[in-house]
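A.B. asks: Since chain A is already given, all that's left is putting chains B and C on it; use the hints.
Those protein sequence lines, which keep their order, are chains A, B and C.
Once you know that position 122 of the first sequence is 122 in our numbering, the rest is easy, because the numbers rise by one and skip nothing.
Once you know that position 116 of the second sequence is 116 in our numbering, the rest is easy, because the numbers rise by one and skip nothing.
Once you know that position 147 of the third sequence is 147 in our numbering, the rest is easy, because the numbers rise by one and skip nothing.
Simulated from the structure, these hints should not be mistaken for laboratory data.
No incorrect hints appear here.
Any copy will do: because identical chains look the same in the list, a pair fits if it lies in one copy or spans two.
In silico DSSO-like pairs for lysine-lysine, Cα to Cα no more than 30 Å straight-line: (1) 98 / 206; (2) 34 / 98; (3) 206 / 34.
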Amino acid sequence: MSNIESFRLHTLVALEYLGTAAFAVSGVLGAIRKRMDIVGICVCGFLAAFGGGTLRDVLIDRRPFFWVEHQEALLGILLLCAACATFFKHHQLETSEKLLSIPDALGLGLFCTTGLHLSWTMGQPPAVAVMMGVVTGTFGGVLRDMACNEIPSLFRDHRPYAICALFGASVYVVLAWMAMPEWVALAACTFVTTGTRLVTLWLNLKLPAVDFD
Amino acid sequence: MSNIESFRLHTLVALEYLGTAAFAVSGVLGAIRKRMDIVGICVCGFLAAFGGGTLRDVLIDRRPFFWVEHQEALLGILLLCAACATFFKHHQLETSEKLLSIPDALGLGLFCTTGLHLSWTMGQPPAVAVMMGVVTGTFGGVLRDMACNEIPSLFRDHRPYAICALFGASVYVVLAWMAMPEWVALAACTFVTTGTRLVTLWLNLKLPAVDFD
Amino acid sequence: MSNIESFRLHTLVALEYLGTAAFAVSGVLGAIRKRMDIVGICVCGFLAAFGGGTLRDVLIDRRPFFWVEHQEALLGILLLCAACATFFKHHQLETSEKLLSIPDALGLGLFCTTGLHLSWTMGQPPAVAVMMGVVTGTFGGVLRDMACNEIPSLFRDHRPYAICALFGASVYVVLAWMAMPEWVALAACTFVTTGTRLVTLWLNLKLPAVDFD
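So here's chain A without its partners, still in its complex pose (with noise of 0.2 Å):
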C-alpha cells in the first residue's frame, strides 16, 4: 500500500471514531438529562454509538460485531462515557449540544454509508438496503432516547436527518445503476448525507408538520 492510500485509510478510521465517540457523547447527554447513574449513562452512550450498528446485524444476521471484534473501541466508548459523566457540568448540556452537531453529522454519512454498502454487497434488494444504510445511522439515536424513556426526537423533531440519510443512500444506488466505481459511490453517499445535514442544520430548515385541524 502506497503512503498516499495508507494516509487517506488512517484518515477514514480516525473520522469513524470521532462519529462514534459523537454518537456515544450525545447519548451521555441524554442520560445525564435524565439524571441518570453512571450505569444509565454508560448504557445510554453504548447505544447511541454502537445500537444503530449492531441492530443492523441483527437484522442481516451477521456477526461478530463491530465492538465485539474490536473490545478496544468497546473500552475506549466506555471510558469516554465514564469521562464525561465524571467531568460534565450541567450548564454545559446546551453548548455541548450544538457543538456535537457537527461530527454527529459526519456520523451519520460514514454509518449510513457503511451499513448500505454492507447491505448491498450481499445482494439485498436496493429499498433494503437504502434502509439498513438509514437504519445504520439513525437507529443508535433511537434506542437511546427510548433508553430514556422519551419519543425519539428521529420521529417528532421535524428536522431533517433520517430524510438527509436517504438522500445519500439514493444517490449510491444511482451511482452504482451507472456502473460508477465503488469509492465514487461511497464517498458521495457520505458527502451528500453529510452536506445536505450540515447545510439543512445551517439553514434551519423544518419538515412540514402534519397539516391537522
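C.D. replies: For chains B and C alone, coordinates are given in the frame of chain A:
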C-alpha cells in the same frame, strides 16, 4: 393448479395484504396522535405492519424477512403511510380507528396462523409455537406503542386481543394432535382468532381487572 | 455421578429456578403498579425472567433459547405470573419487593455467571464476555421497565446492581487468567456478585450522583 385453487390462493394473499395495511394504518394513527413527522409516521407504520413477523423471525433465527424478500411490499407500506400522513385530518382519528377494527381482526387471525404454523413445522414445542403465533399477531402493535412512548395497549386495555390469538392457536394445536388435515387447522385458527376478536368487540367484553384494594 | 455431585447439581438447578421465579415476580409487580391486565402481567413476568438470557442469545446468535428447550419452564413461569395476578393484593406491593431482594440477588449472581461463562467458552474477548454476563443478569429488568414505559431502574436508581455483576465477572476473569479450576471461577463469580449486592443493600449504599450545578 386448478382455477379454484388459484382463486383461493389469490384471495388469501389479498386478505393478508389487507390485514398488513390495517396494521400499518394503526401505526400511522398512533404516530399522528403524538404529532410525529413523516419519518416517525413511516417507522410506526412499518413497525405495526412488519414488527411482529420480524420479531418472530429474529427469535426463530429465520432469514430473509418477508419485507426483504418482497421489497415491493416494503415500498407499498411506506407509500401508504406517507399517503395517510398527507391526506389525513385530525378529526378523522376516532372514526378511522373504528373502521380499522375489522381488517385489524383479520390481520390478527392471519398473522397468528402463519406464525404458529411456521414455528410448528420447524418442530418447536407446542407452547413455544403457540407463543410465536401470538407474538406474530400482536407484537407489531406492541413495538408501535413502544416507539410512541406509551404502555402498549395490548398490556393494559383489558380487551381480549392476545387472548383471542391464544384461543385460536390452541384450537390449531388440538386439531394438529387429532391429525386433521393441515388446511383445516390453519383455517380454524384464523376463523377462531378473528371471530372471537370480532365477537368480543361487538359484545364490548372486558377482561377482569386485577382486584386490588 | 456420585450422590454428592448429584445433590450439588440439583441444588444449583433449584437455585436457578428460584432466581428466575424472583425475576418473574418482579415483572408481575411492575405490571400491577401500572394496572396492566393479565396479558401485560404475563409479558412483563416473561421479560423479567427470560429477557436477559434471550437478549444475550440473540447477541451471540445462539439457539434454541432456554425457554424453547424447556417449555415446562416457560409454562411454569406464565402460570406463576397468572397466579400472582389472581392472588395479589395492592397493599402487599412494598413488602413483596423487600422479600424479593434476596432471591433477586441470587438470580443476578447465577445469571451473570452463566452468561459470562457461555460467552467466555465461545472464545469472545474478555471485555465482551464480562458485558454479556452483566447483560444476562440485568437486562431482564431493563426490558421489564421498558415494557412498563419507565426509565429502567437499573439506569437511574443509583444503587449498585450492574456494578456488583461487573465486580463478580471481573473476579471470574482474573481467576480464569490465573488458570484456576473452572468451578472455582464460577462459584467465585456467583458468590461475589450476590454477596456484594446483599451487602450494599444491607448497608444502604448509593452510587455517587453526577455532580451538576
